[in-house]
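Asks: Listed here are the chains, written in short residue letters.
There are 2 protein chains.
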Amino acid sequence: MKASQSFLATLKEAPSDAEVVSHKLMVRAGLIRKLSAGIYNYLPLGLKSIRKVENIIREEMNRAGAIELLMPMIQPAELWQETGRWEKMGPELLRIKDRHDRDFLIQPTSEEVVTDLARNEIKSYKQLPVNFYQIQTKFRDERRPRFGIMRGREFSMKDAYSFDRDAEGLKKSYQIMFDAYTRIFKRMGLKFRAVTADNGAIGGSGSQEFHVIADTGEDAIVYCPNSDYAANLEAAESVSLIGVRAAAANTLTKVATPNQTNCTEVAQFLNLPLEHTVKSLLFAADQEKGPAKLFMVLVRGDHELNEIKASKIPGMAESRFATEAEIKQACNAPAGYLGPVGVAADVTVVTDRTVANMSDFVCGANDAGHHLTGVNWGRDLPEPLVMDLRNAVAGDPSPDGKGVVDICRGIEVGHVFQLGTRYSEAMGCTYLDQQGKAQPMVMGCYGIGVTRLLGAAIEQGNDERGIVWPISMAPFEVVICPMGYDKSEAVKAAADQLHDELIATGVDVVLDDRGERPGAMFADWELIGVPFRIVIGDRGLADAQVEFKGRTDAESENIPLAEIKAKVITAVDVAKKLVS
Amino acid sequence: MKASQSFLATLKEAPSDAEVVSHKLMVRAGLIRKLSAGIYNYLPLGLKSIRKVENIIREEMNRAGAIELLMPMIQPAELWQETGRWEKMGPELLRIKDRHDRDFLIQPTSEEVVTDLARNEIKSYKQLPVNFYQIQTKFRDERRPRFGIMRGREFSMKDAYSFDRDAEGLKKSYQIMFDAYTRIFKRMGLKFRAVTADNGAIGGSGSQEFHVIADTGEDAIVYCPNSDYAANLEAAESVSLIGVRAAAANTLTKVATPNQTNCTEVAQFLNLPLEHTVKSLLFAADQEKGPAKLFMVLVRGDHELNEIKASKIPGMAESRFATEAEIKQACNAPAGYLGPVGVAADVTVVTDRTVANMSDFVCGANDAGHHLTGVNWGRDLPEPLVMDLRNAVAGDPSPDGKGVVDICRGIEVGHVFQLGTRYSEAMGCTYLDQQGKAQPMVMGCYGIGVTRLLGAAIEQGNDERGIVWPISMAPFEVVICPMGYDKSEAVKAAADQLHDELIATGVDVVLDDRGERPGAMFADWELIGVPFRIVIGDRGLADAQVEFKGRTDAESENIPLAEIKAKVITAVDVAKKLVS
Chain A
1 MKASQSFLAT
11 LKEAPSDAEV
21 VSHKLMVRAG
31 LIRKLSAGIY
41 NYLPLGLKSI
51 RKVENIIREE
61 MNRAGAIELL
71 MPMIQPAELW
81 QETGRWEKMG
91 PELLRIKDRH
101 DRDFLIQPTS
111 EEVVTDLARN
121 EIKSYKQLPV
131 NFYQIQTKFR
141 DERRPRFGIM
151 RGREFSMKDA
161 YSFDRDAEGL
171 KKSYQIMFDA
181 YTRIFKRMGL
191 KFRAVTADNG
201 AIGGSGSQEF
211 HVIADTGEDA
221 IVYCPNSDYA
231 ANLEAAESVS
241 LIGVRAAAAN
251 TLTKVATPNQ
261 TNCTEVAQFL
271 NLPLEHTVKS
281 LLFAADQEKG
291 PAKLFMVLVR
301 GDHELNEIKA
311 SKIPGMAESR
321 FATEAEIKQA
331 CNAPAGYLGP
341 VGVAADVTVV
351 TDRTVANMSD
361 FVCGANDAGH
371 HLTGVNWGRD
381 LPEPLVMDLR
391 NAVAGDPSPD
401 GKGVVDICRG
411 IEVGHVFQLG
421 TRYSEAMGCT
431 YLDQQGKAQP
441 MVMGCYGIGV
451 TRLLGAAIEQ
461 GNDERGIVWP
471 ISMAPFEVVI
481 CPMGYDKSEA
491 VKAAADQLHD
501 ELIATGVDVV
511 LDDRGERPGA
521 MFADWELIGV
531 PFRIVIGDRG
541 LADAQVEFKG
551 RTDAESENIP
561 LAEIKAKVIT
571 AVDVAKKLVS
Chain B
1 MKASQSFLAT
11 LKEAPSDAEV
21 VSHKLMVRAG
31 LIRKLSAGIY
41 NYLPLGLKSI
51 RKVENIIREE
61 MNRAGAIELL
71 MPMIQPAELW
81 QETGRWEKMG
91 PELLRIKDRH
101 DRDFLIQPTS
111 EEVVTDLARN
121 EIKSYKQLPV
131 NFYQIQTKFR
141 DERRPRFGIM
151 RGREFSMKDA
161 YSFDRDAEGL
171 KKSYQIMFDA
181 YTRIFKRMGL
191 KFRAVTADNG
201 AIGGSGSQEF
211 HVIADTGEDA
221 IVYCPNSDYA
231 ANLEAAESVS
241 LIGVRAAAAN
251 TLTKVATPNQ
261 TNCTEVAQFL
271 NLPLEHTVKS
281 LLFAADQEKG
291 PAKLFMVLVR
301 GDHELNEIKA
311 SKIPGMAESR
321 FATEAEIKQA
331 CNAPAGYLGP
341 VGVAADVTVV
351 TDRTVANMSD
361 FVCGANDAGH
371 HLTGVNWGRD
381 LPEPLVMDLR
391 NAVAGDPSPD
401 GKGVVDICRG
411 IEVGHVFQLG
421 TRYSEAMGCT
431 YLDQQGKAQP
441 MVMGCYGIGV
451 TRLLGAAIEQ
461 GNDERGIVWP
471 ISMAPFEVVI
481 CPMGYDKSEA
491 VKAAADQLHD
501 ELIATGVDVV
511 LDDRGERPGA
521 MFADWELIGV
531 PFRIVIGDRG
541 LADAQVEFKG
551 RTDAESENIP
561 LAEIKAKVIT
571 AVDVAKKLVS
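For the record, the sequence lines run as chains A and B.
Residue numbers are given in UniProt numbering: position 578 of the first sequence equals residue 578, and the series is strictly consecutive.
Residue numbers are given in UniProt numbering: position 525 of the second sequence equals residue 525, and the series is strictly consecutive.
A hint or two may mislead.
No distinction is drawn between identical chains; accordingly, a pair holds when it is met within one copy or between any pair of copies.
Said to hold, decoys possible - With a cut-off of at most 30 Å between alpha-carbon atoms, the simulated DSS-like pairs for lysine-lysine come out as follows: (1) Lys34 to Lys97; (2) Lys172 to Lys492; (3) Lys487 to Lys289; (4) Lys437 to Lys2; (5) Lys171 to Lys186; (6) Lys186 to Lys97; (7) Lys2 to Lys123; (8) Lys171 to Lys2; (9) Lys328 to Lys12; (10) Lys126 to Lys12; (11) Lys126 to Lys2; (12) Lys437 to Lys487; (13) Lys34 to Lys437.
These are computed hints drawn from the structure, not numbers from a lab.
Taking the hints into account, I'd like the entire structure generated from these sequences.
Replies: Take a look at the structure:
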């Protein structure tokens, strides 16, 4: 393709509302233009990258046996009323009325429509399993759209929905999708992790997210470099850092710790490692009648409480920090000096796994200005209830026993989810089993943020000069930059010929025929992030040489003109194979 | 592909709301399913045909130098207020409000957004011409959606917008699009005509429609079988049927014609050919002050007045039929006996071209129960104003002089339109010319109804058994129907092998692995309209033979198994070449 036919629209300056690097670079490189908050035009180069992403997704979805169809953008309210989502969803669901004042909405996803289709079209167990997918525009009326297309309002998503006879079948369908997603992101050449997501109200291990790894990601991910283990910080299991509790060595002692109200201060004051201290946090869960039920939750002094995990303590799903009055009643001491020894009998004490294996530890004395040292379970206070309650930290043992975990940041680009029968039961989506009995179909849903992937890839791959695309997603694989395309016959002839030859072999090449100066030309293509660049000039041609350079190479390489075609083909192949 | 992975969903019965054959067949063949009025799910086979249509369009648009981008579905009202369309358009424009109560709309087309993009991105004459296109979901809130996807509310359209420096450039861009459209519809294998459209308020010859020819089409098209001439009935020029006016032969005579109030009756009563009579119609155009201005419009007795043409008579753009009182005042006679001889002096008489060349004709006498015979222009009444005022009829001379016209019916599937500066002037979309002076860009717009094309192709191609697709649009090119796929090892082996071999050569083949009985299997694939069918059974295999049949062939042909692959490849190639 010629650059003059590609509508290049690079900019020197990023828009003032761009907070993240991908947003800045996508606008500067001429991939997108904002039309309204969270609503973007995709310029030709941006659309080219989108199509490459879509094609990889489509090929792998088809390979996995999923069947593509297309559901409408505009959907009638009635179906969403059947599942209750019409009422339950907030204003991010854009509700509209047609000319006859009937209620519709613009799809954020299509569970209702696909379930309606399945209940109409699928009658028998013989038709199951089936997995339908679409690649289609979605709309979510975000309160505060930002980060360019990473949290836009109108976006493109691949959404798939599997229908199975039973939970066993769903597990298989889910695994097939998990494997397909893994192939998809590998082919895209992205560094990514499949992470166990917190399942919230759903329960079970039925949900995983795929994150592109990037320092600027919104989510913290706990992962094991030696294995496949990865989980959202909220969901990452933390094992005990102490294998077996040591026997008590010290006596229980009350020590004065005036004005030392947190573990770090206490440890310093007592000249003990922070790891010997225990943090006591008091929560209250309001009851329908009578006073709130109180919980004392313990984590080691250097650890952070994980609130999602704490919310799973029986009775604590809906809890709050205790009030001063409640603290006084339970511990007879101000915050900063609380501890499990001698706490009121109606307070439920729950400890993190590590705390449960500590001995001779330090905690508040339930007496202002005092802490206890040499505290031991069983001797000084009853054996506690034990749960996993803390955030994982880098260096923790991996829950799968394969080394220690590290923490990185990620951008969610995919989600696989075992829905079960939530939608099929609400909508009467049943099939007749082998005994002729109606059974609800068991569903899974599987999303990939198509447009979001572009932003995520750029957050992962960029430098001070612009985008560093994986070759699978770049708008072009190779750019030919002729020095004086309109001035030198020899340069023009060599550039045109190489362009035509590369096109013929299937390389996605662009020839910069704009007649720009070299500096401006190079800057444009580095900003756009084309993986390979060939420079053809009279000086090199005199020696039958051209220059070849990878986007992140420090120096260009002189290649004989006669060998450049083979060189490019190999380089593109290697780049593609490296990433698949 | 295997049929079991294609989600076949054929039905015996068409839905009760289906009025036209394409709607019935698309539902019965399992291509679409209605979700709501004018809103459809595209099932896998329907989507496959859409993708084939999109690919042909995309290839030819790219070949014509147009540049693909993607504009949003949801567009802010502000831009549409700039051009006045926000207020001007009726309720078919679906206006919506976002969560912050701001006005948006769902795009029916994208003139405003693309003009906004152009004014922001294009600064210099050096960047022109450019032609942007998208293939994108559109929404028009039709009052009465019908005919399945032919007049749906949500539909897919290719819309392109050209920007030029001047009218000369626009003409070139328009011609390039016209040629691209011609290639597109030819490649699709459709019988079609480019027809001159009525330009309404725009004027000039800047608009043509592309119609798929089908007896069930909504529009009448006047065309010349010997040339490229074709026009909408509204726009088709009618030449005079009488080359030179003959000299007057008869004297002006008033004859009694009691109760004979139309030309057919009068001609019979007087025993004259209908072609000797003239019909006089009286119209009134209300004025701001004073009485309405009256017009007498004359067409030959066997012709129909074309109201669009009549509305172009100076002063008659907004006119109505005259009232009884006005008729009385102008002609002093009741309707049925009106004529141009002796009509009141303030009535403007305008005649169709043919009438202007008639002599010795018959018309009303402006006297109840009487007509005049032997009427001659110049002698009995003044020479008239002459215009083209009638509907063309089959057998008329073609306006291009290349024979006579015929009339057929068509379905509009494309439209090319010279917009000029209507949008660019309203939105300040200018460029700097070579003198550094700001000039409005000169625009064209070019649409193709992607989903509508499927309906139109089926209206053109169907029989009592189902759809007869052109091969370029069929969901599959070839179907392999094995007799006893699950029962005969030999049949299964031969079917699988042929399937794999055809796939490898790029033939879009489906293998029916469902285990259906032959009758049901054949009926399904004829309903779906796959162009070629191969039947493999044990009996044939015993002689190393299979059966081959084109969708519209009366009989199948026995082909040696060893030759079937070559036979299919040739048949597909021939079908594709026949249509391109």
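Asks: Could you run down the list of hints and mark each one as holding or not?
Replies: Going down the list of hints, with the structure as the test:
no. : hint             : verdict
1   : Lys34 to Lys97   : both (26 Å within a copy, 19 Å between copies)
2   : Lys172 to Lys492 : between (56 Å within a copy, 27 Å between copies)
3   : Lys487 to Lys289 : neither (89 Å within a copy, 70 Å between copies)
4   : Lys437 to Lys2   : between (62 Å within a copy, 29 Å between copies)
5   : Lys171 to Lys186 : within (22 Å within a copy, 48 Å between copies)
6   : Lys186 to Lys97  : neither (42 Å within a copy, 40 Å between copies)
7   : Lys2 to Lys123   : between (53 Å within a copy, 20 Å between copies)
8   : Lys171 to Lys2   : between (48 Å within a copy, 24 Å between copies)
9   : Lys328 to Lys12  : neither (61 Å within a copy, 76 Å between copies)
10  : Lys126 to Lys12  : between (59 Å within a copy, 20 Å between copies)
11  : Lys126 to Lys2   : between (52 Å within a copy, 15 Å between copies)
12  : Lys437 to Lys487 : between (79 Å within a copy, 28 Å between copies)
13  : Lys34 to Lys437  : between (53 Å within a copy, 28 Å between copies)
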